[in-house]
Amino acid sequence: MSKLYPAVQAAFGFAACLSSSLVAFAAETPAVETAESETMPSTNLPPIVVSASREDLTARQMPAQVQVITQREISDAGYTSAKDVLEKAGGIFARTLNGNPILSQLSMRGFGENSFGRVLVLLNGVRINNPDMAAPNLSRIPVSAINRVEIIHGPQTVLHGDNAVGGVINIITDDTTVEPKTVISGMIGSYDTYAAHIGTTGGWADEGITWRGNGDWEKSRGYRDNGDYELWNANAAIRKAWGENRYLGFGAEYNHSDYGLPGSLSEGEMRRDRRQTNNPDDRAKQESWTGRMEGEVKVGEDGVLHLDAFANERKVRSNWLGADWNSLYNSTIDSFGVLPRYKLETPIAGFENRFTGGLDFYYDTTKFDSDYVYLSRWYSSWSLYSWDFDRASLAAYLHDEFFLTDELSIVAGVRGAWSESRVKSREGVDESDTVSDVAYELAMIYRPTENSKTYIRGSRFYHLPFIDEIFAGSGEPNFSLDPESGYSLDVGGDVELAKEWTAGASLYIMWMEDEIYYNPYTYQNLNAPSKSQREGIELRAGWSREKVGSVGLLYNYTIAEFTDGAYEDKDIPLVPQHTVTLNGELYVLNDLSCFAHVRAVSDQVLGSDFLNEGNKIHAYGLLDLGVRYEPHYEVVKGLKLLCGVDNVFDKEYCDYAGYSPASAYSAASSYYYPAAGRFWKVAISYEF
Numbered sequence: 090m091s092k093l094y095p096a097v098q099a100a101f102g103f104a105a106c107l108s109s110s111l112v113a114f115a116a117e118t119p120a121v122e123t124a125e126s127e128t129m130p131s132t133n134l135p136p137i138v139v140s141a142s143r144e145d146l147t148a149r150q151m152p153a154q155v156q157v158i159t160q161r162e163i164s165d166a167g168y169t170s171a172k173d174v175l176e177k178a179g180g181i182f183a184r185t186l187n188g189n190p191i192l193s194q195l196s197m198r199g200f201g202e203n204s205f206g207r208v209l210v211l212l213n214g215v216r217i218n219n220p221d222m223a224a225p226n227l228s229r230i231p232v233s234a235i236n237r238v239e240i241i242h243g244p245q246t247v248l249h250g251d252n253a254v255g256g257v258i259n260i261i262t263d264d265t266t267v268e269p270k271t272v273i274s275g276m277i278g279s280y281d282t283y284a285a286h287i288g289t290t291g292g293w294a295d296e297g298i299t300w301r302g303n304g305d306w307e308k309s310r311g312y313r314d315n316g317d318y319e320l321w322n323a324n325a326a327i328r329k330a331w332g333e334n335r336y337l338g339f340g341a342e343y344n345h346s347d348y349g350l351p352g353s354l355s356e357g358e359m360r361r362d363r364r365q366t367n368n369p370d371d372r373a374k375q376e377s378w379t380g381r382m383e384g385e386v387k388v389g390e391d392g393v394l395h396l397d398a399f400a401n402e403r404k405v406r407s408n409w410l411g412a413d414w415n416s417l418y419n420s421t422i423d424s425f426g427v428l429p430r431y432k433l434e435t436p437i438a439g440f441e442n443r444f445t446g447g448l449d450f451y452y453d454t455t456k457f458d459s460d461y462v463y464l465s466r467w468y469s470s471w472s473l474y475s476w477d478f479d480r481a482s483l484a485a486y487l488h489d490e491f492f493l494t495d496e497l498s499i500v501a502g503v504r505g506a507w508s509e510s511r512v513k514s515r516e517g518v519d520e521s522d523t524v525s526d527v528a529y530e531l532a533m534i535y536r537p538t539e540n541s542k543t544y545i546r547g548s549r550f551y552h553l554p555f556i557d558e559i560f561a562g563s564g565e566p567n568f569s570l571d572p573e574s575g576y577s578l579d580v581g582g583d584v585e586l587a588k589e590w591t592a593g594a595s596l597y598i599m600w601m602e603d604e605i606y607y608n609p610y611t612y613q614n615l616n617a618p619s620k621s622q623r624e625g626i627e628l629r630a631g632w633s634r635e636k637v638g639s640v641g642l643l644y645n646y647t648i649a650e651f652t653d654g655a656y657e658d659k660d661i662p663l664v665p666q667h668t669v670t671l672n673g674e675l676y677v678l679n680d681l682s683c684f685a686h687v688r689a690v691s692d693q694v695l696g697s698d699f700l701n702e703g704n705k706i707h708a709y710g711l712l713d714l715g716v717r718y719e720p721h722y723e724v725v726k727g728l729k730l731l732c733g734v735d736n737v738f739d740k741e742y743c744d745y746a747g748y749s750p751a752s753a754y755s756a757a758s759s760y761y762y763p764a765a766g767r768f769w770k771v772a773i774s775y776e777f
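For any residue, its number in the numbering used here is found by taking its place in the sequence shown, counting from 1, and adding 89.
In short, the hints are calculated from the structure, not lab data.
Just to be clear, a hint being listed does not mean it is correct.
Unchecked claim - Straight-line distance between alpha carbons at most 27 Å, and here's what the computed BS3-like set of lysine-lysine pairs gives: (1) K404 <-> K308; (2) K513 <-> K404; (3) K270 <-> K636; (4) K374 <-> K636; (5) K620 <-> K705.
Please put together the full structure from these sequences, using the hints given.
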């Protein structure tokens with residue numbers, strides 16, 4: 090019997106009670122349309138359309154838990170990175186290897202190692218997930234350039250395909266306002282951290298043209314030795330509209346990241362000096378370019394044809410230097426995508442119906458080179474290997490929502506996907522493999538008022554292996570790896586009450602098989618011999634009143650374990666059972682407010698410790714505090730000053746650590762990546 094059985098009963102009871110109580114409440118409370126999840130209610134604004142839905146829906150129209158974090162929320166809280174926004178405002182669990190934002194890893198719904206491969210991250214609707222085992226580089230998205238963030242919880246494989254297992258995150262920098270606005274900002278902080286931003290938006294309403302551009306720079310010595318980094322970012326977009334559902338837009342992004350790789354420490358080393366490094370000369374450099382186009386045109390009376398296309402290149406150069414060895418890694422990944430979709434809203438037999446269908450074509454090509462030199466007193470060797478990896482993917486999907494009544498609808502969707510992967514190496518390997526998979530979903534959603542919903546949703550999802558899971562090092566490609574697959578069931582609902590209160594809850598269970606893991610004995614990636622199961626509850630609640638204050642709570646309870654085979658009843662590594670996020674703001678004066686952020690994470694099994702033999706990553710709690718001043722005087726209108734301290738009590742903690750089991754050559758050991766300590770910051774911005 091599921092360990093969440095009592096919670097299942099409670100959740101179903103909650104959904105039923107919520108539906109009935111909201112119907113009653115609707116008779117007493119006038120319906121208002123508000124921007125989803127805004128810190129301050131804006132009853133004169135229409136609901137925000139969630140572009141990550143791919144169907145132009147609002148959060149209230151989707152059978153899932155959806156969060157929208159606005160630009161105002163982000164700037165008011167003084168977040169310093171996109172990772173901060175997702176972790177602190179979105180409640181998403183994140184790991185920060187090496188103490189810098191470049192190597193952050195996101196986790197949703199109980200995924201541990203390589204969790205970033207099970208969360209789809211979009212930048213203006215274009216995926217930034219990599220086909221190899223590199224986490225999406227969140228530092229390529231400057232926090233000052235973010236217009237809003239959309240978070241959809243749970244599998245979205247039917248509409249988005251690979252990676253969309255735990256959820257989808259869409260970070261939007263595009264701004265379609267025609268009002269001219271320019272923002273200049275700067276920040277200084279601990280560890281010799283400096284940042285600068287300039288951004289401008291505008292347009293010509295009569296011509297239907299809008300444009301925006303942003304430039305950002307950030308540099309830091311870093312918390313740990315050899316933890317320094319420097320970032321350069323630039324992005325721009327322009328859009329021309331010819332009335333409703335007719336527009337064409339172009340955008341481009343550039344990122345350059347240069348950073349040290351301090352690596353891991355043993356438990357003893359971390360206790361002696363958590364800021365030290367054993368790798369003082371290891372470094373990496375990333376550079377990426379993205380160009381994209383999107384357009385929309387009306388087809389017939391009720392149809393709309395939408396097209397997205399993009400091209401992206403990412404170059405990585407890494408250098409690892411040991412006492413008697415040197416390894417140099419170079420890779421270039423070029424990615425292309427063409428994504429047309431058609432949307433039709435027209436009645437069927439007198440019933441409202443919303444249909445979406447589309448094709449997703451992706452092509453990734455990877456060129457990889459590596460030098461490895463080993464020199465010692467007794468032995469020396471040199472190896473050079475290179476390989477090319479190409480993957481072409483084509484998928485078709487159909488998604489339909491049929492309304493039985495104005496309040497009750499049924500949602501169904503299916504996706505068929507095909508991909509071909511090919512490996513060519515310097516050593517003469519030339520092999521290819523073709524796989525196909527299917528995803529589908531069925532949901533029912535009930536909206537008793539304009540500001541509430543309850544739903545139940547079941548789905549099947551899949552996730553393809555990373556390219557370097559198939560081709561590990563200089564060995565033969567492992568095309569025997571099967572895609573991960575599973576089933577999910579969600580029940581939930583949310584509500585806005587009295588213009589100030591919001592609440593939401595979801596209960597989910599996921600059954601999976603063929604999860605991919607790394608076997609350190611065979612140096613190969615394998616499908617897990619055990620099936621796995623994840624059960625969880627997601628809760629959120631909030632209150633806000635303009636110029637008074639706000640409080641927001643996000644809580645996730647997760648049970649993730651293997652259900653049979655060699656690891657039966659063992660906890661899945663790197664999955665905390667509890668994560669709690671609490672945000673609060675209080676206006677002391679009309680121009681002056683203070684805010685606080687609390688984050689608590691329970692203990693976790695070490696990475697790769699499938700038998701749960703080693704110690705655990707200790708639980709930790711963090712407190713951030715800040716003050717914001719926005720003078721209302723006309724002469725300085727648009728000025729904003731912010732002072733804050735993250736990790737006020739200088740808590741020593743880790744959010745990532747791993748375990749190496751005992752072998753014939755070594756004893757069991759563990760390794761740790763210390764997270765950053767106290768960080769103070771002072772920021773100033775001026776908008777005109």
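Could you tell me which of the numbered hints above are not met by this structure, giving the numbers in increasing order? 4
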